[in-house]
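Heads up: the protein sequence lines correspond to chains X and S, in order.
6 is the number of the first residue of the first sequence in the numbering used here; add one for each residue after it.
2 is the number of the first residue of the second sequence in the numbering used here; add one for each residue after it.
Careful: at least some of the hints might be erroneous.
Heads up, simulated BS3-like pairs for lysine-lysine below, C-alpha to C-alpha not over 25 Å straight-line [what the hints assert, rightly or not]:
| id | chain 1 | residue 1 | chain 2 | residue 2 |
| --- | --- | --- | --- | --- |
| 1 | S | 58 | S | 137 |
| 2 | S | 58 | S | 77 |
| 3 | S | 20 | S | 58 |
| 4 | X | 42 | S | 65 |
| 5 | S | 137 | S | 49 |
| 6 | X | 27 | S | 20 |
Calculated directly from the structure, the hints in this document are not laboratory data.
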Amino acid sequence: MIPDDFELMAYVDGELDAQSSKRIAEAVEADPALQAKVDALIESRTVARAAYAPMQEAPLSRALQDMMDDLEAGLESHSDAPAWQSADASPSGGAGMLSWARHRAAAMTAMGVAVGALATWALMPQTQTEAFLTLTEATGTQLSDRAQRALSQTPAGENVDGFTVQTSFVSGAGRSCRQFTLVDQDGIACLDASEWHLVILTDVAGSSDFQAAGGTDPMAVATAGLGVARVLTDEEEAAQIAQNWRRQVD
Amino acid sequence: MARSPERLVREGLVQHLPKFRRFALSLARNQADADDLVQAGFERALAKARSYNPAYKIETWVFKIIQNYWTDQMRKQARRGTNVDIDEAYSLMGEDGRQSVETRDLSFKARLAIEQLPEDHRSVVALVLVNGESYKDAAEILGVPVGTVMSRLYRARQTLMQQLDSDHTRGGRA
Chain X
6 MIPDDFELMA
16 YVDGELDAQS
26 SKRIAEAVEA
36 DPALQAKVDA
46 LIESRTVARA
56 AYAPMQEAPL
66 SRALQDMMDD
76 LEAGLESHSD
86 APAWQSADAS
96 PSGGAGMLSW
106 ARHRAAAMTA
116 MGVAVGALAT
126 WALMPQTQTE
136 AFLTLTEATG
146 TQLSDRAQRA
156 LSQTPAGENV
166 DGFTVQTSFV
176 SGAGRSCRQF
186 TLVDQDGIAC
196 LDASEWHLVI
206 LTDVAGSSDF
216 QAAGGTDPMA
226 VATAGLGVAR
236 VLTDEEEAAQ
246 IAQNWRRQVD
Chain S
2 MARSPERLVR
12 EGLVQHLPKF
22 RRFALSLARN
32 QADADDLVQA
42 GFERALAKAR
52 SYNPAYKIET
62 WVFKIIQNYW
72 TDQMRKQARR
82 GTNVDIDEAY
92 SLMGEDGRQS
102 VETRDLSFKA
112 RLAIEQLPED
122 HRSVVALVLV
132 NGESYKDAAE
142 ILGVPVGTVM
152 SRLYRARQTL
162 MQQLDSDHTR
172 GGRA
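Produce the complete structure using the sequences and hints provided.
Here it is in structure tokens:
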């Protein structure tokens, strides 16, 4: 069966499935007239692309550049994406970068390396009487019962007195983990047995001059250390909340 | 995770800017107009970002907004037929374009030939040939069936090649 012109065009443009493509390739190879049509179709595409090639790398107009600068700045200052999504989001090497890598951050770990300002603020009740964090000399910073409830029951994106879960994911070891914001702090907590444990809590607002060694973003380091097997969808997260975060095993 | 539609749109605009610019450049006649078109399209995308459905490709959604804006603008203008300013077209090629026959030859003639296509043909050329969109996505963006995309594309290609052959036969430009 001789392919018609539309089939040849779809073949040239890569629109056919493998079987159809193979059939037409064989027909074209056996018929110089078909080959000539295919060559012309390919040339038309080449010509169209050539028409605009000299202008594709032109600098942005001033107004558009300003708009893109504002967009990028907005993305960086209102990040609601997890740290592991920060890399390579933009062909420009920065346009789509989410904010983590640029945050001045104070590293605090579950061992309780608390920067004073953070510990003081986070321990104080905000609009409620019960704090999200507790600090003891023996154990350092820990999640309070209120934080345990919030982590278990709050859908991502819902703000509870300054505490907002940003995303939920399964770690490389199969643990359920949640990245959260507490006022101007970011943290990650993972579930062990029936209790959430703080993996990291870090100041992202620049309220501390403490810098992680080598300028490395502590959230990214913590995330890399945990590994991310997968990010939960809204539906999966809702299911986990409904069943009180049964341990994930991939 | 729950990223808002607004954020997804903002990310998409930043991430796919080169693609949107190529599309706009294919529709508009010069870089300045193309960037104005992108900016206007982005403003509309941001204004309606709350209604963006993440189930759809962000590129397709924004292409459609840019295409609609372009179509609206064209409708507002008096129908003036093909209006390619030769000096402007040469200027698009840069200084070397005026000086070198080899440099200006294919891309210049191709540009003029595309400019002379009907707008609905030019849109398909811009989406499929210049930007590499699939027939299906082009159909979604333009709001027409895939068969219409194919027929427009085929006729546009024929016109384009005939125009270039004609120029070649005459040994002159446009």
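Quick rundown of the hints versus the structure:
In summary, the hint linking residue 58 of chain S to residue 137 of chain S is supported, as the alpha carbons are separated by about 12 Å, within the 25 Å threshold. Taking the CA atoms of residue 58 of chain S and residue 77 of chain S, the gap is about 29 Å. The hint is violated against a cut of 25 Å. Distance check on the hinted pair: residue 20 of chain S and residue 58 of chain S sit about 13 Å apart at the alpha-carbon level, within 25 Å; holds. A hinted pair counts as satisfied when its Cα atoms are at most 25 Å apart, and residue 42 of chain X with residue 65 of chain S does not qualify at roughly 31 Å.
Between residue 137 of chain S and residue 49 of chain S the alpha-carbon distance is near 24 Å, which keeps this suggested pair within the 25 Å criterion. As the CA atoms of residue 27 of chain X and residue 20 of chain S are separated by approximately 31 Å, the hinted pair breaks the 25 Å bound.
The structure fails to meet hints 2, 4 and 6 from the earlier list, while all remaining hints are met.
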